[in-house]
Amino acid sequence: MSLSALTKPWAATSYGFLDASAKRELRRKMLKAIAVPGCQMPYASREVPMARGWGTGGLQVTLTLVNPASTIKVIDQGADDGVNAASIRRFISRVSGATETWDTLGASIIQSRHRVPEETLGADQILVLQVPNPEPLRGVEPNMSIARQMHADADYGRLWLTLYEQIVRKGRIMQGAAYPSLVNGRHVMTPSPIPRWDVPKLHMAKHLTFLSAGREKRLHAVPPYTRVEPLVFSDRPYRVEDHADLVCRRSGISGYFMNEIPQDHGGSAFEVSDSNLGIKAIRRAEGEPVEIGATWYQDGEFSA
Amino acid sequence: MSIDMTSAPAALLPPQLMRTEALLTMSGLSKTYGSVRALRNVDVTVYPGEVMGIVGESGSGKSTLLRMMNLEDTPDQGDYRLQLPGKDDDNLFALDRYQRRMLCAHHIGIVYQNPHQGLLMRHSSSGNVAERLLIAGERSFDVLRSKARDALDASEFPLARMDARPAELSGGMQQRVQLAKAIALEPALLLLDEPTTGLDVSVQALVLDTLKRLQRDRRITMVLVSHDLGVIRTMADRVLVMRHGEVVERGLADQVFQDPQHPYTQQLVHAKL
Amino acid sequence: MQTPETLPLLRVEGLTKTFRMFHLDSMLHAFEGISFDLRAGEFLLLKGRNGAGKSTLLRTLWRSYLPVGGHIWYQSKLGTIDLARAADVDIALLRRQEMGFVTQFLNARPRVAAQDIVAEPLRLAGQSQAEALDQARHWLGEFGVREELWRAYPSTFSGGEQQKVNLARALILPQRLLLLDEPTASLDVGARRALVRRLDDLKAAGVAIIGVFHHPGDVTDLIDREIDLATHPVSADNELTHVAV
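Quick note, the sequences are listed as chains G, D and A, same order.
Just so you know, the first sequence maps onto residues 0 to 303 in numbering that gives the first Met the number 0.
Just so you know, the second sequence maps onto residues 0 to 272 in numbering that gives the first Met the number 0.
Just so you know, the third sequence maps onto residues 0 to 244 in numbering that gives the first Met the number 0.
Since the hints were made in silico from the structure, they are not lab data.
Warning: the hint list may mix true and false statements.
Cβ-to-Cβ under 8 Å is the rule here; a few derived chain D residues that face chain G [what the hints assert, rightly or not]:
{"hint": "1", "residue": "Arg66"}
{"hint": "2", "residue": "Phe92"}
{"hint": "3", "residue": "Leu94"}
{"hint": "4", "residue": "Ser123"}
{"hint": "5", "residue": "Ser125"}
{"hint": "6", "residue": "Ile134"}
{"hint": "7", "residue": "Leu143"}
{"hint": "8", "residue": "Ala159"}
{"hint": "9", "residue": "Asp162"}
{"hint": "10", "residue": "Ala163"}
{"hint": "11", "residue": "Lys211"}
Chain D stretches covered by chain A per the calculated footprint, using a threshold of three residues with CB under 8 Å from any CB of chain A [to be verified]:
{"hint": "12", "segment": "109-115"}
{"hint": "13", "segment": "166-175"}
For glycine and all other residues, C-beta sits at the position ideal for the given N, C-alpha and C.
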């Protein structure tokens with residue numbers, strides 16, 4: 000056996016774009032993040048052919064996870080056909096040989112900006128969320144060193160305090176997306192800016208979730224079957240967005256998270272935010288044999 | 000009780016004790032910052048329901064001592080024990096950060112001279128009180144609201160302004176918010192670090208009056224640090240006189256002021272009277 | 000070993016007080032070797048010229064001054080204790096529960112109403128606010144403080160009115176041992192009569208009283224015994240007024 004037999008042939012770029020040491024570091028950090036659910040792990044965010052803030056954190060995690068047998072789905076606010084989502088998906092498949100898909104059920108890795116798909120994810124799927132700001136304490140403690148110490152001490156009093164003050168001043172909690180949630184009863188995370196609608200999907204989920212912020216150089220994870228509890232007062236229940244009764248104007252389905260489309264006359268129309276779910280519904284209505292998987296929400300009620 | 004018939008001068012004999020259950024016992028505290036000896040072999044005992052005054056000039060170590068009572072700092076040597084119901088009588092300096100924070104949140108309240116140190120200026124007054132309760136694990140909004148209201152009321156804070164930010168309030172009102180925050184969880188021990196220094200005289204009297212009322216109605220044990228002998232004299236049952244990190248004299252407040260035994264205390268008392 | 004039953008309420012043995020003035024580098028001898036017994040219900044008058052150490056003795060018994068020698072055996076409800084060397088906490092406790100000291104001056108706290116000042120000892124002893132206020136008003140009335148002043152701040156009162164408030168506060172809670180330091184100074188006739196009446200009641204209830212009176216004539220009928228401090232040798236140069244702040 001010679002050295003050349005053990006070495007891969009020369010190539011212009013490494014497999015999956017990132018060099019081996021970058022992937023090794025990320026793998027270590029991802030394992031650490033799984034070991035301490037919700038705890039932010041710093042990593043050396045590498046340059047990728049995309050500007051920071053456009054999903055570089057999610058991309059690096061996906062590039063580390065991907066292999067030629069993977070099937071990749073990338074969504075931006077629920078849509079597979081956004082320019083950014085399409086570019087990222089094509090880039091990943093080009094550097095890794097992975098298959099591309101729009102179908103949630105068929106994907107092994109789902110990289111997402113700001114949404115969790117409506118169809119229930121399974122144990123063989125990994126969700127990678129792109130996170131702009133991973134620090135839930137940023138609003139109450141601008142000094143990151145102190146914020147870290149607060150995480151270490153589980154000192155979340157001031158975070159609770161902002162919720163208290165929202166109720167005092169506005170009569171209700173104003174936090175929309177990125178609702179701070181306690182992971183595994185220990186660390187509070189900001190679950191990227193997913194809507195409140197999506198937070199319960201992470202609680203005791205079968206799938207693994209990574210949340211990665213490329214600009215902030217930190218990632219955290221929610222392992223399968225881990226508690227994710229939004230911070231709520233015992234006498235002020237957690238409420239998801241009032242989308243249960245909205246009907247998608249294109250696919251006609253209802254009971255899912257909707258995009259609001261402002262109309263010229265001042266009203267609003269709604270379209271289902273998970274675009275592939277809408278496509279499936281339209282195809283099925285046209286008689287095609289399309290499989291729609293089980294969904295987290297049924298008739299607008301969370302039931303997982 | 001046996002009767003000791005020795006005829007040695009009374010002051011030289013160790014004190015005879017009837018009641019021994021101290022709330023706070025600190026013994027053998029020493030602390031050096033660089034080359035500065037902040038505390039040197041300091042012993043303090045505080046009994047339930049009393050007001051212990053600590054006097055001394057700037058740099059005497061009185062604030063360092065109070066910081067240690069609040070577990071914000073640990074000495075190089077020494078023990079700190081609090082007699083709390085249902086708690087082990089462990090050396091508190093041996094606790095880890097989290098345990099210390101929880102212990103302080105539940106059992107120790109503090110009012111600082113500077114409200115910026117004790118208050119979150121960008122949050123509401125009631126929120127400042129509520130934060131204390133939140134740290135201790137209270138998760139009902141209605142309970143938070145009513146307990147914050149009660150604590151502010153007990154501190155004689157005008158409830159109409161309970162959701163105003165401390166930055167919008169006067170110095171005296173800010174001290175009342177600090178006080179409400181400190182007493183919200185009915186602490187076993189209330190620490191007061193120059194609570195009225197910086198307030199004008201009439202406001203100072205009002206705040207002292209509130210403290211006195213709290214002490215009377217709730218029997219809260221207090222440790223009061225001040226360089227103002229008048230404040231100590233009005234408030235304290237017993238007094239500790241500190242100088243250069245050492246306790247030079249301790250005794251009943253009236254005794255220390257009327258019959259000081261240490262040259263430094265005599266000088267201090269005469270300078271002030 | 001004596002048993003508590005055979006001891007009087009208070010037994011003073013060889014009590015000695017010396018002040019050490021560090022800045023003058025000198026010693027002031029107040030009194031030396033004072034001994035006496037006091038039983039429950041007895042009234043003891045301290046006599047002596049100005050500066051003989053009458054007030055100093057009272058304050059030493061009260062432990063505002065630390066004795067340098069001797070014993071003050073006191074039969075508290077909790078047992079016999081030597082006030083000369085008891086721990087500060089115990090003294091504080093006894094002051095709250097068993098001993099009273101009436102001085103010539105009221106330590107009026109700013110912005111506390113007269114009735115609240117008077118009610119305070121009862122509040123500290125655990126009575127309810129309403130009950131304590133009720134009693135406070137009764138004694139303010141008894142000592143002749145006009146009703147419209149009850150809710151006013153005594154720091155603004157005249158000396159005589161302040162002294163009435165002071166007496167009402169000091170005598171409101173029945174003690175076992177009462178020390179009086181010229182309580183009648185600056186009192187009008189009516190208040191003086193009320194004071195004597197109250198002292199008589201307390202004495203009948205078994206309170207032991209030691210008093211210094213500028214005009215002992217007021218209390219002649221109450222006096223059981225007298226101690227003349229002038230008969231005790233003290234150094235000539237003492238000027239206790241400097242120390243008795």
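Verification of the supplied hints:
1. Arg66: violated (18 Å)
2. Phe92: violated (17 Å)
3. Leu94: violated (13 Å)
4. Ser123: holds (6 Å)
5. Ser125: holds (7 Å)
6. Ile134: holds (4 Å)
7. Leu143: OK, holds: D:Leu143 within 8 Å of chain G, min 6 Å.
8. Ala159: Interface hint status for D:Ala159: violated (14 Å vs cutoff 8 Å).
9. Asp162: Hint holds; D:Asp162 Cβ to chain G Cβ min 6 Å, cut 8 Å.
10. Ala163: violated (11 Å)
11. Lys211: violated (30 Å)
12. 109-115: violated (count 0)
13. 166-175: With 0 residues close enough to chain A, the hint is violated.
Hint violations for this structure: numbers 1, 2, 3, 8, 10, 11, 12, 13, all remaining hints satisfied.
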